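**Student:** First to last, the sequence lines map onto chains D and A.
Going by this note's numbering, the first sequence opens with residue 1, and the numbers climb by one from there.
Going by this note's numbering, the second sequence opens with residue 222, and the numbers climb by one from there.
Since the hints were made in silico from the structure, they are not lab data.
Fair warning: this is a prediction, and the values are worked out from it, not measured in the lab.
Even glycine gets a Cβ: it sits at the ideal position worked out from N, Cα and C.
Treat each hint with caution, since some may be false.
Said to hold, decoys possible - One-sided excerpt, in silico: chain A residues whose CB lies under 8 Å from chain D:
1) M353
2) R356
3) L362
4) F368
5) T389
6) A391
7) N392
8) R394
9) L431
10) A437
11) I511
12) R559
13) V574
14) T608
Stated by the list, open to error - A few chain D residues facing chain A, derived, Cβ under 7 Å:
15) S66
16) A68
17) G116
18) P117
19) F118
20) G127
21) F130
22) D135
23) D207
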Amino acid sequence: MRSSSRYGLRAHHLAVFVSALFSVWACGVNEGGPEDPGEPTLSWTNPGSSAAPFPSGQGGRYGFGSPASVTDIAVWDIDISPNGAGLPSGGSTVTEGLKVYQKKCMACHGPTGTEGPFDVLAGRVPGDEFQFAEDRSLRSTVGSYWPFATTLFDYTRRAMPFDFPGSLSDEEVYGVVGAMLFLNDLLPEDAVVDSATVAEIIMPARDRFIPDDRTGGPIIR
Amino acid sequence: MRKDGKKIPDASEGDGEAPPNELRTVSRRALITGAAATAGSVMTVGAARGLGIEQSSLDPTRVPGERPVEVGSRSPFETPGKQLSGSAGGSSRTPHHELHGILTPADLHFERHHHGIPQIDPTQYRLLIHGMVDRPTLFTLDDLKRFPQVARLHFIECSGNGGAGSRTDANPRMSPQAMDGLLSTSEWSGVALATLFEEVGAHSDATWFLAEGSDAAVMSRSIPMEKAWDDAMIAYGQNGEAIRPEQGYPARLFLPGWEGNTSVKWVRRLELSDRPFMSREETSKYSDPILGGKARLFSFVMDAKSLITYPVYPDRLTSSGFVEISGYAWTGRGVIDRVEISTDGGGTWADAVLQEPVLPKCTTRFRYAWDWDGRPAHLMSRAIDETGYIQPTLEQITDVRGPGTRYHYNSIRGWRVNSNGSVEFQPPA
Numbered sequence: 001m002r003s004s005s006r007y008g009l010r011a012h013h014l015a016v017f018v019s020a021l022f023s024v025w026a027c028g029v030n031e032g033g034p035e036d037p038g039e040p041t042l043s044w045t046n047p048g049s050s051a052a053p054f055p056s057g058q059g060g061r062y063g064f065g066s067p068a069s070v071t072d073i074a075v076w077d078i079d080i081s082p083n084g085a086g087l088p089s090g091g092s093t094v095t096e097g098l099k100v101y102q103k104k105c106m107a108c109h110g111p112t113g114t115e116g117p118f119d120v121l122a123g124r125v126p127g128d129e130f131q132f133a134e135d136r137s138l139r140s141t142v143g144s145y146w147p148f149a150t151t152l153f154d155y156t157r158r159a160m161p162f163d164f165p166g167s168l169s170d171e172e173v174y175g176v177v178g179a180m181l182f183l184n185d186l187l188p189e190d191a192v193v194d195s196a197t198v199a200e201i202i203m204p205a206r207d208r209f210i211p212d213d214r215t216g217g218p219i220i221r
Numbered sequence: 222m223r224k225d226g227k228k229i230p231d232a233s234e235g236d237g238e239a240p241p242n243e244l245r246t247v248s249r250r251a252l253i254t255g256a257a258a259t260a261g262s263v264m265t266v267g268a269a270r271g272l273g274i275e276q277s278s279l280d281p282t283r284v285p286g287e288r289p290v291e292v293g294s295r296s297p298f299e300t301p302g303k304q305l306s307g308s309a310g311g312s313s314r315t316p317h318h319e320l321h322g323i324l325t326p327a328d329l330h331f332e333r334h335h336h337g338i339p340q341i342d343p344t345q346y347r348l349l350i351h352g353m354v355d356r357p358t359l360f361t362l363d364d365l366k367r368f369p370q371v372a373r374l375h376f377i378e379c380s381g382n383g384g385a386g387s388r389t390d391a392n393p394r395m396s397p398q399a400m401d402g403l404l405s406t407s408e409w410s411g412v413a414l415a416t417l418f419e420e421v422g423a424h425s426d427a428t429w430f431l432a433e434g435s436d437a438a439v440m441s442r443s444i445p446m447e448k449a450w451d452d453a454m455i456a457y458g459q460n461g462e463a464i465r466p467e468q469g470y471p472a473r474l475f476l477p478g479w480e481g482n483t484s485v486k487w488v489r490r491l492e493l494s495d496r497p498f499m500s501r502e503e504t505s506k507y508s509d510p511i512l513g514g515k516a517r518l519f520s521f522v523m524d525a526k527s528l529i530t531y532p533v534y535p536d537r538l539t540s541s542g543f544v545e546i547s548g549y550a551w552t553g554r555g556v557i558d559r560v561e562i563s564t565d566g567g568g569t570w571a572d573a574v575l576q577e578p579v580l581p582k583c584t585t586r587f588r589y590a591w592d593w594d595g596r597p598a599h600l601m602s603r604a605i606d607e608t609g610y611i612q613p614t615l616e617q618i619t620d621v622r623g624p625g626t627r628y629h630y631n632s633i634r635g636w637r638v639n640s641n642g643s644v645e646f647q648p649p650a
């Protein structure tokens with residue numbers, strides 16, 4: 001009943017992507033892949049893939065789907081990476097952001113970001129300690145828990161405000177992000193907020209995150 | 222299997238999401254309506270007494286039966302339901318104690334949304350794959366269905382599942398539904414993600430991809446490419462029918478054995494990259510604080526866990542003697558190797574019988590024949606998976622992760638059977 005014996009091996013996957021399997025980013029996981037690289041991996045077997053892959057024409061492709069243009073991609077490609085890739089041009093200020101915050105965010109997150117009733121956004125821990133495992137009562141705020149400010153831009157733009165998701169302009173998002181950083185004592189009140197600000201700020205919790213070290217087997221981690 | 226009433230008091234404790242906190246009241250309307258449908262031709266059992274049947278009950282042999290129906294429904298006498306936690310960002314929980322076998326009926330599959338259930342016209346559905354690929358491509362739903370299909374049985378579990386039972390002050394009046402209802406099992410059908418990534422010419426140096434949904438949260442998670450080459454799929458079928466809207470209609474990412482949040486529903490976009498994107502859900506949420514001022518990132522795999530579904534709160538055993546202890550076990554790391562049962566609070570353990578099929582990354586039904594002597598007992602189950610991992614106690618977990626750790630609540634559950642037959646949640650001492 002070992003899983004590896006129940007499903008066929010797509011040898012060409014391993015051959016082509018063996019490097020990908022072991023070159024994941026440092027936080028990558030081993031759990032999802034084969035426990036032993038010498039064993040066949042648990043893999044789907046598609047019809048005809050064992051001897052000669054079915055799609056023999058068109059460069060081994062089925063030919064389904066249509067090309068996505070640069071314009072198509074731009075409509076949905078909204079993610080922001082930790083290095084700032086994807087951040088739009090323009091910017092705002094903390095002062096302007098606080099006005100947007102009071103109008104569109106405060107009802108859910110409180111006048112200073114600490115009152116709720118929904119997610120508590122603001123608050124630092126003395127010394128920026130990170131005792132969330134020790135103390136269940138600690139709130140994981142932007143200032144105490146979020147590792148990247150780029151995430152703040154990404155999430156606010158795609159999902160907030162809750163009643164009108166995705167309705168903020170890029171300028172408003174820059175402002176609100178600045179307001180949240182100000183409310184966490186990470187920016188002064190007179191700060192300008194643009195792509196450089198968001199990409200370069202070092203969040204207090206930035207180095208608190210480590211790879212998952214659970215691997216199965218007898219040791220509880 | 223179930224032997225008593227259906228009113229299920231909920232947990233009063235949270236588990237990472239807003240907990241249900243009110244009684245689920247069972248509507249009798251369906252029952253009454255069902256009875257009324259044939260009330261025009263009531264035939265009673267008649268003069269002959271016996272069989273233990275009430276004289277006023279209908280005699281189905283004296284009434285022409287109902288015609289076939291286009292879409293079937295449950296017996297009006299069966300009223301299973303999910304426990305709800307209200308908001309659009311909320312959840313609903315599967316009634317484990319009312320199910321048999323391992324499959325979850327699609328309408329009883331748990332839900333956990335981050336901004337409600339979107340309504341998507343399948344003719345307007347597109348899946349965009351771009352980034353580190355040779356050919357950025359848009360797939361319609363029909364396109365996806367033309368590829369070779371794969372179908373497998375898998376569990377999916379929210380990594381916040383079980384939080385309410387993983388506290389030293391846990392509420393003893395908590396059913397498996399209230400405690401661990403964010404787990405369900407289905408047959409998932411779709412196309413292997415590896416097939417799609419080959420089709421678009423995924424670059425060999427792509428190591429991560431972003432999966433993004435078309436819900437109001439535009440929920441997104443970063444996934445290592447190795448999962449795509451392993452067993453990930455884009456699923457459009459669930460238990461033989463189209464995926465339900467609550468489960469991601471018309472198509473979702475499905476990552477067997479991984480925390481439910483990563484199986485992004487209503488998936489619209491996959492972007493291949495050489496680094497993770499650090500989305501809100503994978504950093505500020507779904508990361509696990511551990512001792513030493515750290516938090517685990519990308520804790521994808523759901524470790525082995527088991528759950529007794531009978532007898533549990535609010536069951537009441539009516540007599541001593543044979544009691545079949547039953548439940549299910551599952552692991553995100555492969556197959557369940559063994560399930561052990563203790564009836565004495567963990568003092569001694571004995572193997573339960575595993576019911577076939579025993580499938581990888583799927584719930585496995587277990588059974589254990591127990592001869593109850595009528596005295597107080599303390600029932601527990603623990604799963605052992607193919608890696609040799611033994612489902613730990615809460616103390617073992619908090620010793621290494623800390624009392625404030627979050628997610629991956631897979632500690633051993635326990636049920637105290639009182640001498641009057643009542644059953645209450647009581648984790649290992």
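**Student:** What are the numbers of the hints that this structure violates, sorted from low to high?
**Tutor:** As far as the earlier hints go, 1, 3, 5, 6, 7, 8, 12, 13, 17, 18, 19, 20, 23 are violated by this structure, in ascending order.
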